[in-house]
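Participant: Generate the whole structure from the sequences, applying the supplied hints.
Which chain is which? The protein sequence lines are Z and E, in order.
Numbering-wise, this note's numbering puts 25 at position 25 of the first sequence, and it's gapless, one number per residue.
Numbering-wise, this note's numbering puts 6 at position 6 of the second sequence, and it's gapless, one number per residue.
Hints were generated in silico from the structure; no laboratory data involved.
If you're wondering where the values come from, they're calculated on a predicted model, not measured in any experiment.
It is possible that some hints are incorrect.
Listed below are several chain E residues computed to face chain Z (Cβ distance under 7 Å; list not exhaustive) [unchecked claim]: (1) 15; (2) 20; (3) 23; (4) 43; (5) 44; (6) 45; (7) 50; (8) 51; (9) 53; (10) 55; (11) 56; (12) 58; (13) 88.
We put the beta carbon where it would ideally sit given N, CA and C, even for glycine.
This is what each chain is made of:
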Amino acid sequence: MRTLRGVAAAPGMAAAPPALLEPASASGAPHLALDAAVTEACRQLDRLGARLRDRGLPDESEILEAQALMAADPELLEAAGRRIAAGTATDDAIVAAGEEAAAVLEGLPDELLAARAADVRDVAARIARAVRGEAPPQLSRRSILVARDLTPSTTAELDQTLLAGLALEGGSPTAHAAILARALGIPAVVGIPGLLAAASGAAELLVDGNAGLVMLEPGAEDRQRLAHWETELQGRLDAERALHDRPLATADGHRVMLGANIGSPDDASPALRAGAEGVGLFRTEFVFMGRRRAPDEQTQAVAYAQVLRAFGERPVVIRLMDIGGDKPLPFVVLDPEPNPFLGVRAIRLAERDPELLSTQLRAIVRAAAEAGVPRPLIMAPMVADLADVRRVRALLDEAVAAVGAAVTPQLGIMVEVPSAIVVADQLAREVAFFSIGTNDLTQYLLAADRTNAALAGRQDPMHPAVLRSIASLVAAAKPHGVPVAVCGEMGGDPAGAVILTGLGVSELSMGPASFGAVKRALASVTLAEAQELAKRCLDAPDAATARAWVNERLAG
Amino acid sequence: MAEATITVLNRSGLHARPAATFVRTATGFGADVRLCNLSRDPGRMASAKSMLAVLGLGVGHGDEIRLEATGADADAAIDTLLALIAGGLGEGMAEATGE
Numbered sequence: 001m002r003t004l005r006g007v008a009a010a011p012g013m014a015a016a017p018p019a020l021l022e023p024a025s026a027s028g029a030p031h032l033a034l035d036a037a038v039t040e041a042c043r044q045l046d047r048l049g050a051r052l053r054d055r056g057l058p059d060e061s062e063i064l065e066a067q068a069l070m071a072a073d074p075e076l077l078e079a080a081g082r083r084i085a086a087g088t089a090t091d092d093a094i095v096a097a098g099e100e101a102a103a104v105l106e107g108l109p110d111e112l113l114a115a116r117a118a119d120v121r122d123v124a125a126r127i128a129r130a131v132r133g134e135a136p137p138q139l140s141r142r143s144i145l146v147a148r149d150l151t152p153s154t155t156a157e158l159d160q161t162l163l164a165g166l167a168l169e170g171g172s173p174t175a176h177a178a179i180l181a182r183a184l185g186i187p188a189v190v191g192i193p194g195l196l197a198a199a200s201g202a203a204e205l206l207v208d209g210n211a212g213l214v215m216l217e218p219g220a221e222d223r224q225r226l227a228h229w230e231t232e233l234q235g236r237l238d239a240e241r242a243l244h245d246r247p248l249a250t251a252d253g254h255r256v257m258l259g260a261n262i263g264s265p266d267d268a269s270p271a272l273r274a275g276a277e278g279v280g281l282f283r284t285e286f287v288f289m290g291r292r293r294a295p296d297e298q299t300q301a302v303a304y305a306q307v308l309r310a311f312g313e314r315p316v317v318i319r320l321m322d323i324g325g326d327k328p329l330p331f332v333v334l335d336p337e338p339n340p341f342l343g344v345r346a347i348r349l350a351e352r353d354p355e356l357l358s359t360q361l362r363a364i365v366r367a368a369a370e371a372g373v374p375r376p377l378i379m380a381p382m383v384a385d386l387a388d389v390r391r392v393r394a395l396l397d398e399a400v401a402a403v404g405a406a407v408t409p410q411l412g413i414m415v416e417v418p419s420a421i422v423v424a425d426q427l428a429r430e431v432a433f434f435s436i437g438t439n440d441l442t443q444y445l446l447a448a449d450r451t452n453a454a455l456a457g458r459q460d461p462m463h464p465a466v467l468r469s470i471a472s473l474v475a476a477a478k479p480h481g482v483p484v485a486v487c488g489e490m491g492g493d494p495a496g497a498v499i500l501t502g503l504g505v506s507e508l509s510m511g512p513a514s515f516g517a518v519k520r521a522l523a524s525v526t527l528a529e530a531q532e533l534a535k536r537c538l539d540a541p542d543a544a545t546a547r548a549w550v551n552e553r554l555a556g
Numbered sequence: 001m002a003e004a005t006i007t008v009l010n011r012s013g014l015h016a017r018p019a020a021t022f023v024r025t026a027t028g029f030g031a032d033v034r035l036c037n038l039s040r041d042p043g044r045m046a047s048a049k050s051m052l053a054v055l056g057l058g059v060g061h062g063d064e065i066r067l068e069a070t071g072a073d074a075d076a077a078i079d080t081l082l083a084l085i086a087g088g089l090g091e092g093m094a095e096a097t098g099e
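Facilitator: What follows is the structure, given as structure tokens:
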């Protein structure tokens with residue numbers, strides 16, 4: 001037995017004989033002219049893209065759809081056509097033209113585009129195969145695929161029932177092949193020096209995508225680990241499936257509302273499919289970005305109404321624009337600021353120029369009227385004190401009057417400026433809800449710029465200062481019956497979700513991808529246990545210690 | 001000829017998926033549509049209907065691009081492409097903001 005070390009790229013374990021992809025074999029199909037070969041390649045790529053889409057992998061399928069566009073690229077075909085006219089064989093001509101285009105992309109000072117170069121070469125090779133009438137490479141039995149590198153289209157094309165695992169000599173965890181392997185649930189290890197030479201004579205390989213190891217001729221101990229993993233995996237899959245249709249709750253049935261964070265109308269239906277009970281944070285910046293002029297009331301209303309309609313009776317919290325100097329817009333004139341996160345942003349912009357905010361408020365009121373939502377939930381970001389709330393309230397009242405609709409908006413605030421927590425008892429008398437933005441709250445409370453990588457270790461909201469702030473907010477909100485939600489990343493973190501529930505937060509909103517893990521974590525503790533853990537963490541010396549305590553409990 | 005200048009503000013610029021959306025839309029018009037990346041190489045124009053040419057401009061987040069179109073539906077092509085870019089090319093833009 002011999003163990004090779006690489007980089008873990010997709011979790012899981014599997015053992016099977018190694019397979020090098022069979023070199024493309026002549027399929028008996030006739031040679032094709034360039035045009036026909038391009039049509040065939042596009043057809044294959046579209047089919048593979050559709051297959052991935054059917055499997056619930058829209059992002060990955062779009063990679064293949066982008067490749068289909070490359071295959072039919074007029075400039076690529078023109079370059080190949082010139083070579084053919086000069087006497088080059090058709091398959092060589094398309095490969096050379098692809099190489100030329102790939103070289104251009106590789107010459108750009110941009111890492112993401114270097115990956116596109118590989119996509120172009122892959123497309124050209126596919127067309128060349130079609131020209132020669134060759135079938136795509138395929139596995140002949142259940143195997144661990146061993147290769148130097150693998151293109152996404154090849155990965156997608158392989159019979160998934162035969163692909164037990166993936167071991168690559170090259171590649172990185174961010175390569176498409178790794179992303180696809182993760183999405184398809186195929187264990188993968190990449191970046192394994194000496195793999196091809198070592199694996200060529202082996203009868204069996206074990207890929208450990210959790211640890212980033214590949215075992216040649218695995219022994220009894222490895223097999224035992226594999227069996228253990230398979231049992232554990234089955235248990236986890238069963239648990240997540242069972243939880244999908246169940247609400248977010250503790251083991252003893254204490255319910256916490258599960259909201260989705262969304263950034264555009266396109267995010268609405270995936271969030272609903274994932275089981276969101278509502279939207280805890282609808283970011284509205286998308287409607288302002290990339291424009292030369294501010295979007296008018298109608299444009300905004302259409303976008304907001306789309307989301308409100310999609311969610312029907314379920315609550316949608318629309319956050320007012322959080323725009324500032326960190327992302328300058330052509331129609332928002334700002335003096336240069338040394339620190340835009342502490343600058344004139346979000347509702348602070350309205351003090352100087354209320355029209356931008358007023359237009360948005362009218363658009364929301366109008367959207368609510370059109371979508372039949374009588375009490376739309378509006379959230380103001382960057383509120384520091386009661387005067388801020390009253391300023392937004394006054395603009396909101398004007399907006400309701402201007403639109404003249406029978407709509408009663410509920411104004412809540414995003415709690416991220418620490419001063420808002422200090423005066424929370426004042427705010428609680430005048431707002432409909434609190435929603436904590438834990439990322440910004442943490443950076444403001446700990447005076448640690450979250451865009452500064454050197455301070456990344458100080459950005460953990462499990463810090464006792466953040467937890468105590470949340471506890472005091474919950475206490476201030478309670479007598480007034482104001483619900484406290486969390487829409488920052490902490491809510492989507494299993495350990496964070498347990499502690500927040502223990503602190504009395506009644507709604508967690510997060511990216512839908514986190515739903516499963518958060519449901520599982522919360523279902524593993526009772527409310528009393530979550531409360532006890534939270535109480536203990538309030539006295540932790542730092543965030544890392546608190547996190548370790550919670551993880552220890554969740555693992556046990 | 002119709003023309004316009006706009007800043008590309010979706011997360012990853014005119015990379016794979018957003019570029020595909022852009023090219024697919026441009027291809028739907030009869031007009032000849034070309035663009036250049038003012039922030040990187042203002043002298044180099046590329047066809048908006050060629051995925052490889054668009055990728056080759058290396059348009060990243062925050063880059064300013066110039067669109068030009070000639071032909072019967074040139075105005076419609078420019079308006080549609082501007083709206084598409086303004087809308088984020090089907091890609092989220094707000095990930096890094098707020099909370």
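Participant: The structure should be examined with respect to each hint, and the outcome stated for every one.
Facilitator: Consistency of the hints with the structure:
The closest approach between the C-beta of residue 15 of chain E and any C-beta of chain Z is roughly 5 Å, which is under the 7 Å cut-off, so the hint is satisfied. Here the hint on residue 20 of chain E is kept, as its CB sits about 4 Å from the closest CB of chain Z, short of 7 Å. Proximity of residue 23 of chain E to chain Z holds as hinted, the smallest CB-CB distance being about 6 Å (cut-off 7 Å). Interface restraint check: residue 43 of chain E against chain Z, minimum CB-CB distance 15 Å, threshold 7 Å, status violated.
Below 7 Å, beta-carbon pairs count as interface contacts, and residue 44 of chain E has none with chain Z, the closest being about 11 Å; its hint is therefore violated. Taken as an interface hint, residue 45 of chain E does not check out: its beta carbon lies about 13 Å from the nearest beta carbon of chain Z, beyond 7 Å. For residue 50 of chain E, the interface hint holds, since its Cβ comes within 7 Å of a Cβ in chain Z; the closest pair sits about 4 Å apart. With a cut of 7 Å, the hint placing residue 51 of chain E at the interface with chain Z holds, because the nearest CB-to-CB distance is about 4 Å.
About 5 Å separates the beta-carbon of residue 53 of chain E from the nearest beta-carbon of chain Z, less than 7 Å, and the hint is met. At its closest, the beta carbon of residue 55 of chain E sits 5 Å from a beta carbon of chain Z; the interface hint therefore holds under the 7 Å criterion. For residue 56 of chain E, the interface hint holds, since its Cβ comes within 7 Å of a Cβ in chain Z; the closest pair sits about 5 Å apart. This hint holds: residue 58 of chain E has a C-beta 4 Å from the nearest C-beta of chain Z, less than the 7 Å allowed.
Taking 7 Å as the C-beta cut-off, the interface hint given for residue 88 of chain E holds, the closest approach to chain Z being about 6 Å.
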